Amino acid sequence: MNLTQLGYGKKAVITKVNGQILALKLFEMGILPGEEVELENVAPFGDPIAINLSESKVCLRMQDASCIEIKLID
Amino acid sequence: MEQKEITVALVGNPNCGKTSLFNALTGLNHKVSNFPGTTVEKKTGSFKLSPEKNAHIIDLPGTYSLYPKSADELVTYEILRNKAETNYPDLVVFIADASNLKRNLLLFTQVADLKVPIVLVLNMLDVAERRGIKYDLAKLEEKLQVPIISINARKKEGIDKLKEVLLDEKLRVTAKYFSLERVNQQMLLDLSKITDKRNKYAALQYAINASSLISEKAKRLTEVFKHYEFDIISFQEDEVLARYKIIDETVKYARLKNTSQLKASITAKVDKVLTHRYYGIGIFLVLLLLVFQAMFSWSEYPKDWLEVGLGAFTDYVEKTLPAGVLNDLIVHGVLAGLTGVMVFLPQIILLFLFIAILEDVGYMARVGFIMDRIMRPFGMNGKSIVPLIGGMACAVPSIMATRSIENKKERLITILVTPLMSCSARLPVYTLLIGMMLEDTAKWGPFNVHGLVLMLMYLIGFGAAILSAWVFKLFIKQKEKTYFILELPGYKVPVFSNLLITIYEKGSAFVFGAGKIIIAVSVILWVLASTGPHANMQMVENKYSAILQNDTLTEAAKKEITLQMNAQKLEASYAGEFGKLIEPAIRPLGFDWKIGIALLTSLAAREVFVGTMNTIYSVNDDGDNSFGHIKTKMMAEINPRTGKPSYNTATFLSLMIFYAFAMQCMSTIAIVKKETDHIKWPIIQFLYLTALAYGSSFLVFNLFS
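Protein sequences appear in the order of chains A and B. If you read the first sequence in the numbering used here, its first letter stands for residue 1, the second for the next number, and so on. If you read the second sequence in the numbering used here, its first letter stands for residue 75, the second for the next number, and so on.
Mixed in with the good hints, there may be bad ones.
To be verified - Computed footprint of chain A on chain B; a stretch qualifies when at least three of its residues, placed anywhere within it, have a C-beta under 8 angstroms from a C-beta of chain A:
hint, stretch
1, 136-143
2, 169-175
3, 515-523
4, 673-681
Claimed, not checked - Keeping only pairs whose Cα atoms sit at most 30 angstroms apart, straight-line, the calculated DSS-like set for lysine-lysine is:
hint, chain 1, residue 1, chain 2, residue 2
5, B, Lys326, A, Lys71
6, A, Lys71, B, Lys319
7, B, Lys244, A, Lys10
8, A, Lys10, B, Lys346
9, A, Lys16, B, Lys633
10, A, Lys11, B, Lys707
11, B, Lys237, B, Lys208
12, A, Lys71, B, Lys346
13, B, Lys551, B, Lys300
14, A, Lys11, B, Lys326
15, B, Lys632, A, Lys10
16, B, Lys346, A, Lys16
17, A, Lys16, B, Lys271
18, A, Lys11, B, Lys331
19, A, Lys16, B, Lys326
20, B, Lys553, A, Lys11
21, B, Lys208, A, Lys71
22, A, Lys10, B, Lys300
23, A, Lys71, B, Lys250
24, A, Lys16, B, Lys707
25, A, Lys71, B, Lys551
26, B, Lys633, B, Lys707
27, A, Lys16, B, Lys300
28, A, Lys16, B, Lys250
29, A, Lys10, B, Lys705
30, B, Lys553, A, Lys16
31, A, Lys71, B, Lys176
32, B, Lys553, A, Lys10
33, B, Lys555, A, Lys71
34, B, Lys331, A, Lys10
35, B, Lys208, A, Lys10
36, B, Lys250, A, Lys11
37, B, Lys482, A, Lys16
38, B, Lys143, A, Lys16
39, A, Lys11, B, Lys346
40, B, Lys300, A, Lys11
Hints in this document: simulated from the structure, not taken from any laboratory. Quick caveat, the model's predicted, so the values are computed rather than measured. Think of the CB as a built atom: it goes at the ideal place given N, C-alpha and C, for glycine as much as any other residue.
Generate coordinates for the entire structure from the input sequences, incorporating the hints supplied.
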């Protein structure tokens with residue numbers, strides 16, 4: 001599954017980040033494999049989304065979020 | 075011999091407290107200028123390290139990595155990569171947010187690997203502690219092998235300790251974190267030769283960044299990469315992940331066991347409300363309304379004081395200086411022009427203050443988040459909202475602020491439409507015109523009509539900006555993929571002294587920047603308005619001196635005739651001739667030649683309109699210099715062509731619309747040229763805005779008259 005499918009309050013761990021230059025930018029922002037993510041907020045009109053990482057909060061568009069593969073933590 | 079001054083560069087991620095540290099180190103002892111020969115805004119300051127030694131400090135824009143993706147990140151990279159640059163630092167002070175250490179250390183290791191002496195400053199340890207994060211600094215130092223100083227930039231704690239370390243040359247060490255052993259060594263040698271850099275990492279990094287440019291060198295670099303089948307992007311990704319691996323180990327080693335339970339952060343709670351899916355935008359609009367309300371009501375008294383004070387000063391100068399040309403020039407030229415504009419200083423300062431507060435608190439990033447979806451169809455993104463809101467204060471810093479927008483097309487569109495936002499220079503113009511058009515006490519329900527009309531002007535500006543952006547989106551080609559990734563920093567209480575410094579910077583920029591233009595324009599205008607083709611001026615003089623010779627005239631009648639003479643003199647002057655020359659072009663908009671003169675002079679800056687009107691109506695003066703008086707004089711003006719008052723509702727509306735759209739600001743034109751790096755864009759912008767202004771004014775004037 002990818003990050004766009006993550007529900008409110010659910011936690012997941014990033015397994016893979018796709019998309020060349022976008023992936024580099026995401027890595028630099030701290031979004032990388034092994035990091036835990038949690039969906040915190042959705043902007044008006046359902047896009048972009050704000051996610052919590054272990055130490056920071058970042059927002060990104062659904063289109064970019066679809067490049068981030070995740071696995072749910074139970 | 076020992077150096078007397080060292081150059082220190084301040085480097086770090088965005089939102090790590092860099093500006094607070096800069097302010098704590100330098101106070102007001104700093105200036106904002108440009109790097110020589112470039113477009114880049116440079117904030118530098120100096121402070122004493124010891125009685126004998128000075129530090130020259132450069133504040134570099136916050137960046138996430140040394141592979142720049144936006145124009146502001148490029149600035150930082152450019153300074154750090156070039157040892158031959160005069161601004162190349164002797165020492166880097168790297169400031170890191172301890173509550174987000176892993177990501178902050180990524181850039182730290184990249185900068186350190188350039189082999190520049192570096193000191194690590196940990197900030198926001200208190201924030202980290204509140205989240206249950208604590209580090210053993212000795213262990214961190216041991217692993218990273220650099221001096222570490224903990225500070226609290228907001229409370230100015232640890233600054234002296236930092237200065238001590240900066241002074242100690244033995245502590246200026248370099249460390250190495252990332253190894254290039256897996257990269258083809260022969261290729262690194264080739265790249266070193268082309269880039270002229272001995273440090274292999276610096277050479278490779280420069281080669282990667284430079285290979286995307288269009289130059290002879292870039293072509294050679296690309297050939298080398300091709301020859302060795304080197305995949306740039308996967309290397310960069312590997313590099314970043316490898317660095318994170320080292321950082322992870324370091325951070326785990328130095329982190330103390332959780333001492334306290336994690337508390338739910340206040341930021342999350344506040345964000346639940348402020349960025350709410352359904353009413354987040356409503357809250358934003360209400361906040362904006364409050365800002366404007368406060369801006370007008372709070373500035374009322376200081377504005378009155380300034381009016382009275384400057385009026386008294388003008389009177390004093392007029393009476394003190396010996397009567398004559400110089401007195402006339404200073405009082406009716408310079409002071410008349412200056413007073414008209416300086417009374418708006420309180421409003422402008424308040425607007426800058428509110429925008430600075432919203433930014434410092436961390437709310438602006440949220441506005442980007444909630445507005446991104448709305449901005450997208452118009453070819454912009456959430457980051458465009460910061461320049462657009464800033465445009466209500468001044469387009470010049472706002473256009474510089476577009477540097478954080480990564481996508482070139484979105485950035486260009488934002489630059490092109492930002493001048494349509496109603497900036498503070500339009501305020502004096504609107505206020506004067508609305509004041510003449512409507513009674514002071516006019517009410518519409520519970521609202522003051524003045525405020526409503528003004529609000530409408532702001533909305534018109536915003537609407538025009540959005541629509542023009544949509545049009546530009548159709549015409550400008552898209553080259554790269556667009557994305558929007560923005561950090562939402564934790565909310566902070568703004569630091570009072572930082573706000574004061576911001577206000578001081580903006581306020582003095584307005585007083586000296588606008589002041590210089592206004593003085594120059596006023597002097598030129600006064601000369602042009604009081605001299606003219608000799609024959610014409612003489613004719614008026616002769617005609618009236620004959621009449622005034624008549625002894626049977628009463629004092630009142632004499633005064634009346636003098637006024638008439640002055641008016642005719644103005645018409646006969648060079649300024650008058652010039653105004654009349656362009657009158658046919660602006661008559662369809664309802665403007666006469668006097669407005670024509672003001673339109674021309676306010677090509678330099680919009681607020682000059684008020685100063686010009688003051689100067690024009692002060693040249694044929696009856697002795698009253700007060701600011702409010704210009705209204706009365708303008709209202710009494712009769713258009714000789716129609717026999718009706720020169721100013722009516724249609725004229726006022728037409729003028730306001732003209733000022734809402736027209737590109738009357740030299741500074742904006744200059745900054746657009748710099749930021750877009752091409753003369754083409756300011757020309758296009760000037761033409762479309764002038765056409766928009768002319769067309770709309772024409773429509774409005776004909777609709778209402």
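Cross-check of the supplied hints:
1. 136-143: holds (count 4)
2. 169-175: Result for this restraint: holds, n = 3.
3. 515-523: violated (count 0)
4. 673-681: Violated, because only 0 residues of the stretch 673-681 of chain B bring their Cβ atoms closer than 8 angstroms to Cβ atoms of chain A.
5. B:Lys326 with A:Lys71: holds (23 angstroms)
6. A:Lys71 with B:Lys319: holds (21 angstroms)
7. B:Lys244 with A:Lys10: Violated. Lys244 of chain B to Lys10 of chain A sits at ~50 angstroms, over the 30 angstroms cutoff.
8. A:Lys10 with B:Lys346: holds (16 angstroms)
9. A:Lys16 with B:Lys633: The given pair, whose Cα atoms are some 86 angstroms apart, is violated under the 30 angstroms limit.
10. A:Lys11 with B:Lys707: violated (70 angstroms)
11. B:Lys237 with B:Lys208: holds (24 angstroms)
12. A:Lys71 with B:Lys346: holds (25 angstroms)
13. B:Lys551 with B:Lys300: holds (28 angstroms)
14. A:Lys11 with B:Lys326: holds (22 angstroms)
15. B:Lys632 with A:Lys10: violated (87 angstroms)
16. B:Lys346 with A:Lys16: The hint holds at about 29 angstroms.
17. A:Lys16 with B:Lys271: With Cα atoms ~35 angstroms apart, Lys16 of chain A and Lys271 of chain B exceed 30 angstroms; violated.
18. A:Lys11 with B:Lys331: OK: Lys11 of chain A and Lys331 of chain B at ~23 angstroms, within 30 angstroms.
19. A:Lys16 with B:Lys326: holds (22 angstroms)
20. B:Lys553 with A:Lys11: Distance of about 36 angstroms is beyond 30 angstroms: violated.
21. B:Lys208 with A:Lys71: holds (29 angstroms)
22. A:Lys10 with B:Lys300: violated (45 angstroms)
23. A:Lys71 with B:Lys250: violated (35 angstroms)
24. A:Lys16 with B:Lys707: violated (72 angstroms)
25. A:Lys71 with B:Lys551: Violated, at roughly 38 angstroms.
26. B:Lys633 with B:Lys707: holds (15 angstroms)
27. A:Lys16 with B:Lys300: holds (28 angstroms)
28. A:Lys16 with B:Lys250: Holds. Lys16 of chain A to Lys250 of chain B sits at ~28 angstroms (cutoff 30 angstroms).
29. A:Lys10 with B:Lys705: violated (64 angstroms)
30. B:Lys553 with A:Lys16: It holds: about 27 angstroms lies between the C-alpha atoms, which stays within 30 angstroms.
31. A:Lys71 with B:Lys176: This hinted pair holds, its Cα atoms lying about 22 angstroms apart.
32. B:Lys553 with A:Lys10: violated (37 angstroms)
33. B:Lys555 with A:Lys71: holds (27 angstroms)
34. B:Lys331 with A:Lys10: holds (25 angstroms)
35. B:Lys208 with A:Lys10: Satisfied, since the Cα-Cα distance of roughly 26 angstroms is no more than 30 angstroms.
36. B:Lys250 with A:Lys11: Violated. Lys250 of chain B to Lys11 of chain A sits at ~36 angstroms, over the 30 angstroms cutoff.
37. B:Lys482 with A:Lys16: holds (28 angstroms)
38. B:Lys143 with A:Lys16: holds (22 angstroms)
39. A:Lys11 with B:Lys346: Answer holds: Lys11 of chain A to Lys346 of chain B is near 18 angstroms, not above 30 angstroms.
40. B:Lys300 with A:Lys11: Status violated; Cα separation ~42 angstroms.
Checked against the numbered hints given earlier, this structure breaks hints 3, 4, 7, 9, 10, 15, 17, 20, 22, 23, 24, 25, 29, 32, 36 and 40; the rest are met.
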